[in-house]
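2 protein chains.
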Amino acid sequence: MTNGKPPTPLTQSRRSDATRTAILTAARERFATDGYERATIRAIAKDASIDPSMVMRYFGNKEGVFAAAVSIDLKLPDLAALPRHAVGEALVTHFLAMWEENDVLTALLRVGVTNQAGAERMQGVFRDQLLPVARHVCPDPEQIPARAALVAMQLLGLAVTRYVLRFPPAVALSRREVVAWLAPTVQRYLTAPNP
Amino acid sequence: MTNGKPPTPLTQSRRSDATRTAILTAARERFATDGYERATIRAIAKDASIDPSMVMRYFGNKEGVFAAAVSIDLKLPDLAALPRHAVGEALVTHFLAMWEENDVLTALLRVGVTNQAGAERMQGVFRDQLLPVARHVCPDPEQIPARAALVAMQLLGLAVTRYVLRFPPAVALSRREVVAWLAPTVQRYLTAPNP
DNA sequence: TGTGTAGGCCAACAAGTGTTGACGTATTCC
DNA sequence: GGAATACGTCAACACTTGTTGGCCTACACA
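If you're matching them up, the sequences are chains A and B in order. Sequential numbering of the first sequence, starting at 1, is according to full-length UniProt numbering. Sequential numbering of the second sequence, starting at 1, is according to full-length UniProt numbering.
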């Protein structure tokens, strides 16, 4: 976590913090709607009502902006605390909520698809956040990665069709319908004894 | 299908056809690996051992190259000819095969995620190719779009995690395993009476 | 043989990119 | 007070992008 901050007293928030967060907010939005390549430093700076050079000064380079702007915490619930048959529904519901209230997920998905660094970061999210959760639910420990991957397939497919490509019928589904259809699938991928 | 061909006798293939297809092949590969923005005309031209200006002359502009290079035919099998309980497995098997032998699908997915025109083209593929197939299998006609969308979610999720983001456990799954896990899901989305 | 034309290359344009450094201004600390 | 430093702007850099027009070569047809 080395950012470009010069060593200043951290006792009180600095004046530039407002600018910083303005940049990050603008960056998140741009990355989400435009993807990595088309989200330009100039556009981000303009959205934040700031000079492009400030963006560079604060975050070093474009990759730095992206790294600082897009940090994902899925805040996955503790599935171990749930009755086993309810984990599918809990996961789908949670994902749906996260995706609808949050630009960052779309941003990361868009960038992950076009950019190698973005793809690696998504792999990190999968490894550090989804895998551990699956660990608490899967029957056979050896099958954990495969089962987590299956869950990822279903949930990312949902995100791609509904929030990125916006297939009309995928958008038209209510959240309740999505949960009703997908929860049993996720449940099966996680806990069913066999394919 | 209006391409930039000047009106020449079509009795025999023109000398330039080789160049044409070389450009299209190179373009497909570049769009697949780099996405729309980073696939430059110059790179495509270099791969085709041709001058960049030729690409423009043949296809007008970059969008023209993309339109000419990426035309998707999923070649979906006629599900109506199959026993009803076998459509899930047939679809998943077919998709898997298509995706592994074909650059174009990855290209379109990559572009669809970052580019508006690409997204619309994917919607077209969904509408013109997947929806009609679902029409022959779904019980309730009114549910056809939703069910086709659910199938798209599952299949595109597979493609994203396995071929684009390359999550290691998703790549590690054998084709047989993928079919074994996903076929029942697709089957359910298409033919189950209710969520 | 000459001439028209299709196929191809070269050089350049205008616009936009990430990035940098010099230069002001306000705030903070002594 | 003055001086150091954080904050910010401006202008420009080096480079890449899509795109264009002029020029050269080889082939077809008269």
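Don't take every hint at face value.
It does not matter which identical chain is used: a pair holds within one copy or between any two.
[What the hints assert, rightly or not] Computed list of lysine to any residue pairs in SDA-like fashion (alpha-carbon distance at most 25 Å, straight line):
no. : residue 1 : residue 2
1   : 75        : 168
2   : 75        : 169
3   : 62        : 34
4   : 62        : 33
Read the hints as simulated data drawn from the structure, not as lab findings.
Results of checking the hints against the structure:
1. 75 - 168: between (29 Å within a copy, 23 Å between copies)
2. 75 - 169: For residue 75 and residue 169, the Cα distance is within 25 Å only across copies (22 Å; inside one copy 28 Å).
3. 62 - 34: both (14 Å within a copy, 18 Å between copies)
4. 62 - 33: both (16 Å within a copy, 21 Å between copies)
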